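Given chain F, work out where chain U should sit, using these hints.
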Amino acid sequence: MERSRIVSAYHNYLVDGKLEAELCVGGGGDFFFQAHRLGPGERLPLVSGRFFGPDGEFLLEVHRNVLSRNPHGFSLLEMKGGWAIISTSLEAILSAQVLEFQKGLLSIVRGILYDARGCKVVYGDEHGLHVVWDSSGLQAPFSLLGAAPSCSAIFGFGDQTTLA
Amino acid sequence: MEPKHGEVWVFGDYRDYCRNRVTLELVAKARDLAEKLSSRCAVVVLGWGTAPYVMEYIAHGAQAVYVMEAPQLSLFRSRVFTEALCSLVRRYSPEILLVGGTDFGREFAPRVAKRLNTGLSSDCVGLEIDEKTGLMLQTTPAFGGSLLAQVITPHSRPQMATVRPGVFKERSHDENATAQVIYLEAAEFSLGEDVELLHEEAAQEKDIGLEEAPLVVSAGLGVGTPERFRMVCQLSRLLGGQLGGTRPMVSKGMIPEERMIGQTGHSISPKLLLSLGASGALQYTSGIQNSGFIIALDKNPHAPILRQADLGVVGDLEEILPRLVRALEKTSTEEEVMAHGKV
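So the sequences go chain by chain: F and U.
Each step along the first sequence adds one to the number in my numbering, with nothing skipped, and position 44 is 44.
Each step along the second sequence adds one to the number in my numbering, with nothing skipped, and position 44 is 44.
Read the hints as simulated data drawn from the structure, not as lab findings.
Certain hints may be false.
[Stated by the list, open to error] Pairwise CB distance ranges (calculated):
| hint | chain 1 | residue 1 | chain 2 | residue 2 | range |
| --- | --- | --- | --- | --- | --- |
| 1 | F | 100 | U | 185 | 22 to 30 Å |
| 2 | U | 17 | F | 53 | 42 to 50 Å |
| 3 | F | 80 | U | 289 | 41 to 49 Å |
| 4 | U | 106 | F | 80 | 55 to 63 Å |
[Claimed, not checked] Looking from chain U toward chain F, a few residues come up when the C-beta cut is under 10 Å (computed):
| hint | residue |
| --- | --- |
| 5 | 55 |
| 6 | 177 |
| 7 | 182 |
None of the values given here were measured: they were computed from a predicted structure.
Positions of the beta carbon are idealized from the N, C-alpha and C atoms, including for glycine.
Only chain F is shown next, with the shape it has when bound in the complex (with noise of 0.2 Å):
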């Protein structure tokens, strides 16, 4: 089954192994998660969410790598090419790191993601993002918004609703 992205020629995210400019993740509770488009010039991923652990618990709440909400102490620390989520125990909640190909940058993002359940909605590994669509046993728990023209729609958004 094919699938359509919208790609960029400066910067994408590796998705599934493959090129997305941009993503936005919705879901159970106030999950989400947004990986947005950069523009030339920009060499960082950017990413919004609110995220919560693997017993539900809210963690934190971050805009455009700004860290908002973040009552456990998590610390956004910028590195070469990338940067990483840690915690006061030093340990990564999400991090991402940046390849340099030709003209063009690609962006590689680890990490697990749960939602305000505890299931697991979003993890990153060498071969990109993935996102878990049936963690809930909801038919359609998420929302994968790859080609989507804004992703200003999906927050928050109920837990049952396919826009892709």
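Relative to the frame of chain F, chain U by itself:
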């Protein structure tokens, strides 16, 4: 999204990407053709680990990219690629399919055309859209290059053509560009291969950079004797240029085949071309048409090359060549004295 029909497709040959620019050149031409057809330009990428090339094609004008990735597509093998591309053509029905006239493209494109029961114009030097019919006018050398034929494919689809590197100019890199990328599952297509590849070895490269050289000195049969040809070589060295020549010079054994310019050799685009003793047969001039400035020397005042040249000189090379070489030697000696204070 339902794919558009009637697209202008380019086969993405990304091997030796930094030097093999033919796909980017075809993307530029396909974009022009697509605009005239109110369609869009798409590149078909078959391979494995193709992400960087997909982004580059988008930056250079592709409005859509069809990607099929599979380990068995990691090597360019004409049977597997023919199967895959024909399947895609049958599914999406493109209007036009352009293939780079590389070693692979020359083997691959005829197989695809045969399988799809359509026509193929090889080594085209011009592609345009006929405004009345919407058909692609394929300009290609015919009858051994003695004339340029304009070919159309009125009924079969896609209209297919191969184009050698250097014929068209690539678009500049646009990092703001985006495109729709359609990922196709290779498992849905038959990629059968009855040939087992045991070993692959790259051929000894003979890269002489003729296509990228800013200054080329080209020798035609009018140069005459080996002595005068040695002077042409000397002239090329003194000017810091690359030496090339016409097919008759290759046939005579004076110029190696990898330095041949023209329809069956290199298409060059230097800033300055010094063409010596080449009368200007079509098979030669089709390879020099993208030169920035052409200075042509020939003793025949009616030689066609003099009409194409920016500066035409009618004269005897036996007389002109030694004087040119002497003048350049003198200049080079003076420059050395200025630079190092000694000869």
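Status of the hints after comparison with the structure:
Taking the beta carbon of each, residue 100/F and residue 185/U are about 29 Å apart, inside 22 to 30 Å as hinted. About 44 Å separates the C-beta atoms of residue 17/U and residue 53/F, a value consistent with the hinted range of 42 to 50 Å. Between residue 80/F and residue 289/U the CB atoms are about 47 Å apart, so this pair conforms to the stated range of 41 to 49 Å. A beta carbon spacing of about 45 Å between residue 106/U and residue 80/F contradicts the range 55 to 63 Å that was offered as a hint.
The beta carbon of residue 55/U comes within 4 Å of a beta carbon in chain F, closer than 10 Å, and the hint placing it at the interface holds. At about 4 Å, the closest approach between the beta carbon of residue 177/U and any beta carbon in chain F falls short of 10 Å, and the interface hint on this residue holds. The restraint placing residue 182/U at the interface with chain F holds, with a minimum CB-CB distance near 5 Å, inside the 10 Å limit.
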